[in-house]
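In order, the protein sequence lines correspond to chains A and B. If you count by numbering that gives the first Met the number 0, then the first sequence holds residues 0 to 280, one letter each, in order. If you count by numbering that gives the first Met the number 0, then the second sequence holds residues 0 to 324, one letter each, in order.
Rather than coming from a laboratory, the hints here were simulated on the basis of the structure. Watch out, some of these pointers could steer you wrong.
Taking lysine-lysine pairs in the PhoX-like style, the calculated list, with each CA pair at most 25 Å apart, reads [to be verified]: (1) A:4 to B:131; (2) B:99 to B:77; (3) B:74 to B:54; (4) B:77 to B:54; (5) B:54 to A:4; (6) B:87 to B:99; (7) B:74 to B:87; (8) B:129 to A:4; (9) B:87 to B:77.
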Amino acid sequence: MTGVKVNNVLGSLGLGILAILITVAIFAPQIAPYDPHDTYKWMERPSSEHLLGTNDVGNDILSEVIYGTRVSLFIAFTVSITAIIIGTALGLIAGYSSGVLGFLIMRIVDIFLTIPRMVLIIVLAAFLTQSIWNLIVIFIIFGWMMTARIVRSEVLTLRSQYYVDSAKMLGGSDRYIIWRHILPNVVPLVVVQFIMEASHVIIAEAGISFLGLGDPVARSWGTIFNYAFEYPNIILSDAWMWWMLPPGLCIAATVLGLTFVGYALEERLNPKLKTVVGMEA
Amino acid sequence: MHYINKLAYYLVIILIILSINFFLPRAMPGDPLAYVLGENPDMPIRMTEEEREMKLAEYGLDKPLPEQYVDYMIKLSKGDLGHSIYYKNPVMDEILIRLKWTLLLTGTATVIYMPLGIFLGAESAWARGKKKDTLSLITILTVSSFPSFVLGTLFVIFFAFKLGLFPLGCANTIGATYANPLEEALDILHHLILPVATLIIAHIGGTYLLMRNSMLSVIGADYILSARAKGLSERYILNRHAIRNALLPIVTMAALTIGFMTVGTIFVEKVFAYPGIGLLLYDSVLRRDYPLIQGIFLFISIFVVLANFIADMAYVWLDPRVSDE
Numbered sequence: 000m001t002g003v004k005v006n007n008v009l010g011s012l013g014l015g016i017l018a019i020l021i022t023v024a025i026f027a028p029q030i031a032p033y034d035p036h037d038t039y040k041w042m043e044r045p046s047s048e049h050l051l052g053t054n055d056v057g058n059d060i061l062s063e064v065i066y067g068t069r070v071s072l073f074i075a076f077t078v079s080i081t082a083i084i085i086g087t088a089l090g091l092i093a094g095y096s097s098g099v100l101g102f103l104i105m106r107i108v109d110i111f112l113t114i115p116r117m118v119l120i121i122v123l124a125a126f127l128t129q130s131i132w133n134l135i136v137i138f139i140i141f142g143w144m145m146t147a148r149i150v151r152s153e154v155l156t157l158r159s160q161y162y163v164d165s166a167k168m169l170g171g172s173d174r175y176i177i178w179r180h181i182l183p184n185v186v187p188l189v190v191v192q193f194i195m196e197a198s199h200v201i202i203a204e205a206g207i208s209f210l211g212l213g214d215p216v217a218r219s220w221g222t223i224f225n226y227a228f229e230y231p232n233i234i235l236s237d238a239w240m241w242w243m244l245p246p247g248l249c250i251a252a253t254v255l256g257l258t259f260v261g262y263a264l265e266e267r268l269n270p271k272l273k274t275v276v277g278m279e280a
Numbered sequence: 000m001h002y003i004n005k006l007a008y009y010l011v012i013i014l015i016i017l018s019i020n021f022f023l024p025r026a027m028p029g030d031p032l033a034y035v036l037g038e039n040p041d042m043p044i045r046m047t048e049e050e051r052e053m054k055l056a057e058y059g060l061d062k063p064l065p066e067q068y069v070d071y072m073i074k075l076s077k078g079d080l081g082h083s084i085y086y087k088n089p090v091m092d093e094i095l096i097r098l099k100w101t102l103l104l105t106g107t108a109t110v111i112y113m114p115l116g117i118f119l120g121a122e123s124a125w126a127r128g129k130k131k132d133t134l135s136l137i138t139i140l141t142v143s144s145f146p147s148f149v150l151g152t153l154f155v156i157f158f159a160f161k162l163g164l165f166p167l168g169c170a171n172t173i174g175a176t177y178a179n180p181l182e183e184a185l186d187i188l189h190h191l192i193l194p195v196a197t198l199i200i201a202h203i204g205g206t207y208l209l210m211r212n213s214m215l216s217v218i219g220a221d222y223i224l225s226a227r228a229k230g231l232s233e234r235y236i237l238n239r240h241a242i243r244n245a246l247l248p249i250v251t252m253a254a255l256t257i258g259f260m261t262v263g264t265i266f267v268e269k270v271f272a273y274p275g276i277g278l279l280l281y282d283s284v285l286r287r288d289y290p291l292i293q294g295i296f297l298f299i300s301i302f303v304v305l306a307n308f309i310a311d312m313a314y315v316w317l318d319p320r321v322s323d324e
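The task is simple: from the sequences and hints, build the whole structure.
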């Protein structure tokens, strides 16, 4: 009993955190007191005019962090939605047509999962121009494999179910069976996978930006944190409290929200299903 | 048969990594020569056509691709990863100088967080639904939400700067002379504690959750019920039956986490200015020292793939059922 209650509390808490962050991201121009690119007196302490002070070039830090929510969440959701669609499609194909194509897809998945993707992402980001679109493309390329693997194994299980056999015997086409019987059963898994991928991308993007490979114009939380970190002797002054802590806590809050929702969903949808959780940054 | 298949599979992966490394500078937009000589957008290298030809010939970039590929492989087999633009030294030498620090950091962290994660996960699952389980689950999920570099920065601020308990960074006191090896070891240890603690806390979540989940599925098994029916003590069942069987998935996970850890080190090394391969990679990225970046990519990737290979072998050895497939 208590287990269910805890899940509900965690799930609602997670949803609450995400709802706030998504609202901030959508209404950033309305919420932010200033344009994040406007400059004022630099390195100001927090005041009634600048609630989180200003940075080394005089941008209002609060506005920067609010707009950063947009950048970070936009990258995370764009990547995970696209990666999950690609992964699901390839997983369905690999599971449903277990011929050469299915075999090939799964080999590619295995190979992609064995190569440490974060190092490759860092290297690619170093070779390419720094822009959020390049990051998004790189993250999508390395983000679909786990979904494909999970969807495929679910399809393999579903395919041998009686009702799928019956549908086939009654003359259901492959397309009908996939849309009507397979996909609806796969959706819950995919939703969990979407949430895991989103939290992965939040952390990975923050990490890449912390290495100075983020978009210098559309600044994400990771980029703001990095600029603060690189400021000489930042920790000797109190500036870390309003310059480093807010973006750092935002990253953690997003991941926490996603983790709680993902955990609660996973427990509710399928208590037996467990996926590997690991963070790379 | 199984072993040969696995071996072939991993050899293919290594070949793919080597090929990615070969094609990266050649497939990227821009002059491939810039990747070998280093480029500075503010000061483009000015060369006459002849100088350019000469340089291209010097690096073998004028030959057809397949020939370049063979040359690259031959060089690699001799351990030649090219020259660093910044250090002017062979890439391999630069990596080897830094390697010991990264090994010390990841090695120490792994030795501590693996058993700790397994222990906490097992205890948590054993007390499923009780206060102890819920509390440790929420604590670990919360702490794991922090990226290692945020956590590490906070550690530096509080434990090193505010409390002065630890040095702010580096692997040892710069310019120190030690009276004896013990003093040196203590100094290194003193510098090691914060980065290792960061790595452990940032990475323990994965192992903890996996062990907890694995234990939860084991606890429902029939042989645990039989053990209970025999009247064995809870502790005995936990240690002798449950943990043993729940450990199997951890072996596969071990390789994965070594991969995560190796990458996580890059961020932690930057935070603590710890002079390992991760910091070298970061510095090379800043300086766009492409040969060095590629060398480190190759080094880390092959290391992680080898770890996976070993874990795969260990899995077959631990669970003979796998090899019958």
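A quick look at each hint next to the structure:
1. A:4 to B:131: Distance of about 15 Å is within 25 Å: holds.
2. B:99 to B:77: Holds, at roughly 22 Å.
3. B:74 to B:54: 18 Å, holds
4. B:77 to B:54: Holds: residue 77 of chain B and residue 54 of chain B sit about 23 Å apart, inside 25 Å.
5. B:54 to A:4: 69 Å, violated
6. B:87 to B:99: 21 Å, holds
7. B:74 to B:87: 18 Å, holds
8. B:129 to A:4: 12 Å, holds
9. B:87 to B:77: Within the cut-off at roughly 19 Å; holds.
Of the numbered hints listed earlier, the single one contradicted by the structure is hint 5.
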